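Participant: Assemble the whole structure, with the sequences as input and the hints as a guide.
In order, the protein sequences belong to chains A and B. With our numbering, letter number 38 in the first sequence gets 38, and the count goes up by one each step, no holes. To convert, count from 1 in the second sequence and add 1000; that's our numbering.
Just so you know, the hints here were simulated from the structure itself, not pulled from any lab data. These numbers come from a predicted model, not from an experiment. Mixed in with the good hints there might be a few duds.
[Said to hold, decoys possible] Below are the EDC-like pairs computed for lysine to aspartate or glutamate, each with C-alpha atoms no more than 20 Å apart in a straight line:
| id | chain 1 | residue 1 | chain 2 | residue 2 |
| --- | --- | --- | --- | --- |
| 1 | A | 48 | B | 1078 |
| 2 | B | 1033 | A | 67 |
| 3 | A | 48 | B | 1032 |
| 4 | B | 1124 | B | 1005 |
| 5 | A | 48 | B | 1092 |
| 6 | A | 45 | B | 1021 |
[Unchecked claim] If we take Cβ atoms under 7 Å as the criterion, some of the chain A residues that face chain B in the derived model are:
| id | residue |
| --- | --- |
| 7 | 27 |
| 8 | 29 |
| 9 | 60 |
| 10 | 69 |
[Stated by the list, open to error] Label pairs and their in silico Cβ distance ranges:
| id | chain 1 | residue 1 | chain 2 | residue 2 | range |
| --- | --- | --- | --- | --- | --- |
| 11 | B | 1021 | A | 3 | 40 to 46 Å |
| 12 | B | 1065 | A | 48 | 23 to 29 Å |
| 13 | A | 15 | B | 1002 | 48 to 54 Å |
Glycine included, every Cβ here is placed at the ideal spot set by N, Cα and C.
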Amino acid sequence: MLVLRRRAGESVFIGDDIEIEILAISSQGAKIGIRAPRETVILRKELKLTQQQNEAAAQILAKKDFERALEKLRV
Amino acid sequence: MAQVETQYFGTMSYREDSVFDFPDGLPAFVHEKRFIPIESPQHSPLLFLQSMTQPALCFLALPIQVVAPDYRIAISREDLVLLELQPDRQPELANEVAVLALLSLHDGLAATANLMAPIVVNLKTRRALQAIRQDSGYSHQHPVPRFAEQAC
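Facilitator: What follows is the structure, given as structure tokens:
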């Protein structure tokens, strides 16, 4: 992972058109501003993880596998 | 009585007041706003969360205290408002809210539970949402302990 030190008011660019600016830093956390093309999807990581996990959770198992998985759970 | 097509149990009758109402759906399933919880004595304490619009969509869930007996809920103020609960305190488990962990089954073998983003249901209104924690104390892939079947 690239690690940079930035102060409030400073920013970085990712590619040509995504800018991430550090707006303020406090003990509560860092407040960041993002300028990006409208079509760029920006998600908090925990929401992205939840989406992925829900998609995994929704995967339907064949009935036989499902019963077998439940057996493993219950033992 | 109204009926719903289910993934594992064929066509089932249900009571309208048992439906969980997700006004905003779930992340990755934002259009799925109504789920019916199905308990099967054979599979207790597992809970099946069956979509009412897609028979093939059924989540498996466990009460959070089954997965992690000392789990501490931390529902954001924003989510408490959406759930129509008092925003200035955490609700009482079992009394005011049900908290469920969604399970993922991996290749039909080991299972994990999402403790980072549990389903929270207001038991009075049946209003529900997936409450994503803001802290990083709990995993979205917590190994599920094996549980003994509960005697009925």
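Participant: Hint compliance check: list the failing hint numbers for this structure, sorted ascending.
Facilitator: Violated hints: 2, 4, 5, 6, 7 and 8; rest satisfied.
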